[in-house]
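Here is how the chains run, residue by residue.
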Amino acid sequence: MAAEVVRRASRGRLRLLRALRDPVFLATLVVLAALPFLAGTTSMSSLALSLTLASIYILLALAWDFSSGMTGYLNFGLPFFFGVGALTAGYLSWHGDRDVPFLLLVAFGSGLLGGFLFSVPTLRLRGPYFSLLSFLLPFLGTDFVAAYWVQLHWPTEGFYGLPFLAPTYGGMLLLLVIADAVVLVGFFVLRNSHFGLILRGIRDDEDALSSQGISTFPYKVVAFTLASGVVGFAGACYAMVNTYSGIDAFGFDFILFPILIVLLGGTGELVGSVGAGLIVVLIYEYFFPIFSDLTLLLFVVAAIILVLFVPHGIIRPLRRFIRFMTTEEPT
Amino acid sequence: MVGSILAPVVIYGTLFGFTYVLLALGFTLLLGISRVLNLAYGALYMVTAYMIFYFAVELGINLVVAIVLAMAIAVAVGVAIFLLCVKFAPDPMRFLVVTLLVALFLQYLFAYPPLFQGETGLIIPGLIPTHEILLYGVSVSPVYLWTAGVTIVVFLGLWGWIEWTSYGRTVRAAAEDPETASLFGIRVRTVYIVVVAVSSAIVALAAVLIVPAQEVTPTMWVEPFVIAFVVSVIGGLEKFKWTLPAAFLLSFSQFYVQFSYPTSSSLSDIVAFIVAIAFIIVLPRGIGGIRRGR
Amino acid sequence: MNLLEVANVTCSFGGNRALDDVSFEMSVDALAIVGPNGAGKTTLLNVIAGALHPDPRKLKGKNKAKIQFRGQNITRLPPWRIARLGMVKTYQVVRPFRSLTVEENLELFAKMRGGADVDRILAATGLTEVRGHPSGVLPFGLLKRLELAKALAASPDLLLLDEPIGGLSRSEAEGLLATLVQLKAAGTRMVVVEHRLGEILPVVDRVLALDRGRVIFDGTQSTFFDDPAVRTAYLGRADA
Numbered sequence: 001m002a003a004e005v006v007r008r009a010s011r012g013r014l015r016l017l018r019a020l021r022d023p024v025f026l027a028t029l030v031v032l033a034a035l036p037f038l039a040g041t042t043s044m045s046s047l048a049l050s051l052t053l054a055s056i057y058i059l060l061a062l063a064w065d066f067s068s069g070m071t072g073y074l075n076f077g078l079p080f081f082f083g084v085g086a087l088t089a090g091y092l093s094w095h096g097d098r099d100v101p102f103l104l105l106v107a108f109g110s111g112l113l114g115g116f117l118f119s120v121p122t123l124r125l126r127g128p129y130f131s132l133l134s135f136l137l138p139f140l141g142t143d144f145v146a147a148y149w150v151q152l153h154w155p156t157e158g159f160y161g162l163p164f165l166a167p168t169y170g171g172m173l174l175l176l177v178i179a180d181a182v183v184l185v186g187f188f189v190l191r192n193s194h195f196g197l198i199l200r201g202i203r204d205d206e207d208a209l210s211s212q213g214i215s216t217f218p219y220k221v222v223a224f225t226l227a228s229g230v231v232g233f234a235g236a237c238y239a240m241v242n243t244y245s246g247i248d249a250f251g252f253d254f255i256l257f258p259i260l261i262v263l264l265g266g267t268g269e270l271v272g273s274v275g276a277g278l279i280v281v282l283i284y285e286y287f288f289p290i291f292s293d294l295t296l297l298l299f300v301v302a303a304i305i306l307v308l309f310v311p312h313g314i315i316r317p318l319r320r321f322i323r324f325m326t327t328e329e330p331t
Numbered sequence: 332m333v334g335s336i337l338a339p340v341v342i343y344g345t346l347f348g349f350t351y352v353l354l355a356l357g358f359t360l361l362l363g364i365s366r367v368l369n370l371a372y373g374a375l376y377m378v379t380a381y382m383i384f385y386f387a388v389e390l391g392i393n394l395v396v397a398i399v400l401a402m403a404i405a406v407a408v409g410v411a412i413f414l415l416c417v418k419f420a421p422d423p424m425r426f427l428v429v430t431l432l433v434a435l436f437l438q439y440l441f442a443y444p445p446l447f448q449g450e451t452g453l454i455i456p457g458l459i460p461t462h463e464i465l466l467y468g469v470s471v472s473p474v475y476l477w478t479a480g481v482t483i484v485v486f487l488g489l490w491g492w493i494e495w496t497s498y499g500r501t502v503r504a505a506a507e508d509p510e511t512a513s514l515f516g517i518r519v520r521t522v523y524i525v526v527v528a529v530s531s532a533i534v535a536l537a538a539v540l541i542v543p544a545q546e547v548t549p550t551m552w553v554e555p556f557v558i559a560f561v562v563s564v565i566g567g568l569e570k571f572k573w574t575l576p577a578a579f580l581l582s583f584s585q586f587y588v589q590f591s592y593p594t595s596s597s598l599s600d601i602v603a604f605i606v607a608i609a610f611i612i613v614l615p616r617g618i619g620g621i622r623r624g625r
Numbered sequence: 626m627n628l629l630e631v632a633n634v635t636c637s638f639g640g641n642r643a644l645d646d647v648s649f650e651m652s653v654d655a656l657a658i659v660g661p662n663g664a665g666k667t668t669l670l671n672v673i674a675g676a677l678h679p680d681p682r683k684l685k686g687k688n689k690a691k692i693q694f695r696g697q698n699i700t701r702l703p704p705w706r707i708a709r710l711g712m713v714k715t716y717q718v719v720r721p722f723r724s725l726t727v728e729e730n731l732e733l734f735a736k737m738r739g740g741a742d743v744d745r746i747l748a749a750t751g752l753t754e755v756r757g758h759p760s761g762v763l764p765f766g767l768l769k770r771l772e773l774a775k776a777l778a779a780s781p782d783l784l785l786l787d788e789p790i791g792g793l794s795r796s797e798a799e800g801l802l803a804t805l806v807q808l809k810a811a812g813t814r815m816v817v818v819e820h821r822l823g824e825i826l827p828v829v830d831r832v833l834a835l836d837r838g839r840v841i842f843d844g845t846q847s848t849f850f851d852d853p854a855v856r857t858a859y860l861g862r863a864d865a
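Residue numbers (the working numbering), protein chains in the order written: chain A, 1 to 331; chain B, 332 to 625; chain C, 626 to 865.
Where hints are given, some of them may not hold.
What the hints assert, rightly or not - No farther apart than 20 angstroms at their CA atoms in a straight line, the calculated lysine to aspartate or glutamate pairs in the EDC-like style are these:
no.	chain 1	residue 1	chain 2	residue 2
1	C	Lys691	C	Asp646
2	C	Lys691	C	Glu650
3	C	Lys736	A	Asp207
4	C	Lys736	A	Asp205
5	C	Lys809	C	Asp645
6	C	Lys689	C	Asp645
These aren't lab readings, by the way, just hints derived from the structure by calculation.
Please model the complete structure; the sequences and the hints are all you need to start from.
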């Protein structure tokens, strides 16, 4: 009996260890670690700013991939939790609370709470219907704020004067890169555990899972709650990089880009989001001065092409390529 | 207190209820028969409006011709999206993402400054005079009265088509059991296309009627979609007769809240969301068989 | 106490009576449910497993439909609850979790009801060699074995097998049937729906035959082939 337990536990650990040795995963960590050095630690270069923005989008993409990418329940409400995190930080700092770790923690908590409250009633619906409901969420955010600015005595243009995330831009980037790494590793470990197995099973065939005795609901709720927490945290980071928090945090950008990044990196793969995030944001920053308003349009077209024609992103071909290059067997 | 808001709530609730029915009809049709969840549904509404602006205002073409052209384009876009997804994205998840992206594409397209003056609201002409009239002391645009009438006609027409004609029977067969239907020689794909076309035409018609009393903006695709979806969720997606009570329930709730708790901006989306969630929790039966487990 | 008791189950689709007042008791180790095409065999299995409900009107009053598993009334329980109680059903059309490996397909369920030994199940069902393969690319014969293995991973007390050898060649079927015999000997009890009579009857202890939704035979295989109702059903039909 005890031997059974040990055998079962070590099976799980074996799988995890094998996963951690994945070359793409390790390479991604290395890339993340290199970013702060690339940007320099004190100068406010535009590269540092772009990378900072990229890191925030990477957080969003990781959260979206972990919840929606793995389960197949597409959550279009991401901007809502992002906005909630941003506004929470803005509101608190406007009331005098300027302790950055505290603001981040509260934003994370508000994301968790919001995610939980939303998930519980809606995850009972099938995937597509859940998605449509989640689509309504960001509008709730904007409507609520638009309706109650006055009553709540909030400043109409948004909260200004938030504390900086870190004293230097390089420091901000470092903090965000660390956040990226922590979230990546955390979600990666979960993905390769029994919990992650169930999430992937949900995507493949939720009916078969539930008819064979596994109640899928708690797993979905946990995944979405955690993801929403990360998104809230990211929202606060965004607000503290710009020292401004307003209604723009509920915008479509914060669902369009994460989806695009995850599509490019491979849905359900997690590690792909880092490389894809860097590529997407840097390309955007490069093209924007040239095409200005047209850039977003082109990115939407790119996303459509990706969804239709490259559904698995670049990760799987990349892995196959690496395996091909590193094995001796004839393929 | 109740007396003073009774008239506006009842009048607006009723008139907008009909509007909601019209918007939801196409969506329920799409969902119940083609089993398609289309986030770009509201985008067709927007396309119709912008096309009317382009043809009637920018090009100066005769209004009726402009309307016909605009509706034709909207139907074409709707069918094109459907065909594109059937070919390349047959699973519901990818279909959803694609339709969201298409809606965003259209939003950014219409917001692109050289095309339509960017984000500013535009006005399009309509077939119905928009000057508000007084009805029981409530100021109301005749547009909504006419829309209510048209809605009744469309609803009855659709019902008659589905229930009584032989093609309607074909449609129902294809909806209930596409595999068996195709064994009996029914070309299910063609039926789906017809349904998509009809549904697109209905939402385009809604735009033709209603938008003249409102503004044309790049984000106008959201509202019709939200309404259509929430009404469908409340009403249950199996039979579209339920969109009637559902639509009125929604509109009355929204106007009641709006007049009882006046705020600087509309809370209608929030009300819609709350009503939808309440129904999901309390009356999943109202959502027919789409609950997990079917 | 019988392992499984089914009483007065009627199930209709549209105007069709798929099951008409079906009743039986099971106390043996292995029961086969057989019958010509359209007899309602899979429907019966689905009703027992909770995937389908008996007609609502028949759930009240006397002669009400009732399904009992080890004395517990499971008639209106959802399928996952029934699975947790120890009764697991396989699918006639195989449903592997395509993006997961063979091993992972089993690991999904391996923590239920005290835990299962995945290695042992893989060995018992002959899947050890393909344990690391993604299940979506397996050949049909192996997918049938995987279907059985998945059910076993949930540590069931009673297996409901829906045409486990359907579509398999003679030799593939022999292999899988041998596995079933071993499982039976090791204590797993089973209800098997099959229409390949010659192959399944030697494996089971008792036979229940359905025709057009009705029970026409409930006994052992020694009297099965001579039973007049059975002969009529199989041979006396216009399309036999």
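For each hint, the structure was consulted:
Proposed proximity of C:Lys691 and C:Asp646 is supported: the alpha carbons are some 11 angstroms apart, at most 20 angstroms. Distance check on the hinted pair: C:Lys691 and C:Glu650 sit about 12 angstroms apart at the alpha-carbon level, within 20 angstroms; holds. Between the alpha carbons of C:Lys736 and A:Asp207 the distance comes to roughly 18 angstroms, so the proposed pair stays at or under 20 angstroms and holds. Proposed proximity of C:Lys736 and A:Asp205 is supported: the alpha carbons are some 18 angstroms apart, at most 20 angstroms.
As the CA atoms of C:Lys809 and C:Asp645 are separated by approximately 30 angstroms, the hinted pair breaks the 20 angstroms bound. Between C:Lys689 and C:Asp645 the alpha-carbon distance is near 12 angstroms, which keeps this suggested pair within the 20 angstroms criterion.
The structure fails hint 5 only (numbered hints given earlier).
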